[in-house]
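A.B. asks: Listed in order, the protein sequences are those of chains E and B.
Note that the working numbering gives residue 18 to position 18 of the first sequence, counting from 1, and the numbers run on in steps of one.
Note that the working numbering gives residue 10 to position 10 of the second sequence, counting from 1, and the numbers run on in steps of one.
Be a bit skeptical, because a hint or two may be false.
To be verified - Below are the PhoX-like pairs computed for lysine-lysine, each with C-alpha atoms no more than 20 Å apart in a straight line:
#1 B:K55 x B:K41
#2 B:K20 x B:K66
#3 E:K105 x B:K41
#4 B:K110 x E:K52
#5 E:K60 x E:K77
#6 B:K110 x E:K60
#7 B:K20 x B:K55
#8 B:K98 x B:K110
#9 B:K98 x B:K14
#10 E:K56 x E:K68
#11 E:K56 x B:K41
#12 B:K64 x B:K20
Said to hold, decoys possible - Quick partial rundown of chain E residues pointing at chain B, CB under 8 Å, derived from the structure:
#13 P40
#14 E42
#15 L44
#16 A100
#17 L101
#18 F103
#19 K105
#20 G106
Hints listed in this document are in silico derivations from the structure and should not be mistaken for laboratory results.
Ideal Cβ positions, reconstructed from N, Cα and C, are used throughout, including at glycine.
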Amino acid sequence: GNSVTQMEGPVTLSEEAFLTINCTYTATGYPSLFWYVQYPGEGLQLLLKATKADDKGSNKGFEATYRKETTSFHLEKGSVQVSDSAVYFCALSDDQAGTALIFGKGTTLSVSS
Amino acid sequence: GAVVSQHPSRVICKSGTSVKIECRSLDFQATTMFWYRQFPKQSLMLMATSNEGSKATYEQGVEKDKFLINHASLTLSTLTVTSAHPEDSSFYICSARKNPGTDQVATNEKLFFGSGTQLSVL
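Work out the full structure: start from the sequences and follow the hints.
C.D. replies: Laid out in structure tokens, this is it:
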């Protein structure tokens, strides 16, 4: 079945450091891929998405490229800020089947000034 | 933007009692809503898919008689944890898939989440 594997956290960085959070997936067909962010005390928010191979999703300085050959969708940001501290979830969706999102375990990012 | 309100955000109850959690889409209609459960340091696990006007579809291993789901309108789904026990203590999150426009297909690109409910059963 479909699944998502995310790197274990927590990830602790200093402000302006480079961020990478790894995400790989297993899926039949051609899923859409997502990154969600959960700030303390809030619900999950869609951060970025990619719907087909080689697509790059980007938002708020974050980027992720849909790599079919490596079944990956790694999240990157060139310079993190304290306000980026949150939990990040990688997820996939098989929209043709109309099924729910499948999530990774989440990675906690803590950025200090 | 689309807002999903989940209530209550936190509830503490005694073992054996029932707890109802509400999930409302405030500014859009959602034929389909999803209920997830999240344990500390674990992924969100899908419990059930709720469709307005029909019975919910439960994932394998989820007791439908224990986790009652009602989706009576296009803006409200409820999850009732019946006869709660300490092992039911968890973080429950709902999400609502926004109904598409005419001639469009609903996708998970239009999926919006509530802020979750922390249930503690004593």
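A.B. asks: Now tell me if each hint is right for this structure.
C.D. replies: Verification of the hints:
{"no.": "1", "hint": "B:K55 x B:K41", "verdict": "violated, 31 Å"}
{"no.": "2", "hint": "B:K20 x B:K66", "verdict": "holds, 12 Å"}
{"no.": "3", "hint": "E:K105 x B:K41", "verdict": "holds, 7 Å"}
{"no.": "4", "hint": "B:K110 x E:K52", "verdict": "holds, 17 Å"}
{"no.": "5", "hint": "E:K60 x E:K77", "verdict": "holds, 9 Å"}
{"no.": "6", "hint": "B:K110 x E:K60", "verdict": "holds, 19 Å"}
{"no.": "7", "hint": "B:K20 x B:K55", "verdict": "holds, 17 Å"}
{"no.": "8", "hint": "B:K98 x B:K110", "verdict": "holds, 5 Å"}
{"no.": "9", "hint": "B:K98 x B:K14", "verdict": "violated, 35 Å"}
{"no.": "10", "hint": "E:K56 x E:K68", "verdict": "holds, 12 Å"}
{"no.": "11", "hint": "E:K56 x B:K41", "verdict": "violated, 28 Å"}
{"no.": "12", "hint": "B:K64 x B:K20", "verdict": "holds, 14 Å"}
{"no.": "13", "hint": "P40", "verdict": "violated, 11 Å"}
{"no.": "14", "hint": "E42", "verdict": "holds, 6 Å"}
{"no.": "15", "hint": "L44", "verdict": "holds, 4 Å"}
{"no.": "16", "hint": "A100", "verdict": "holds, 5 Å"}
{"no.": "17", "hint": "L101", "verdict": "holds, 6 Å"}
{"no.": "18", "hint": "F103", "verdict": "holds, 4 Å"}
{"no.": "19", "hint": "K105", "verdict": "holds, 4 Å"}
{"no.": "20", "hint": "G106", "verdict": "holds, 7 Å"}
Of the numbered hints given earlier, the model fails hints 1, 9, 11 and 13; all others are met.
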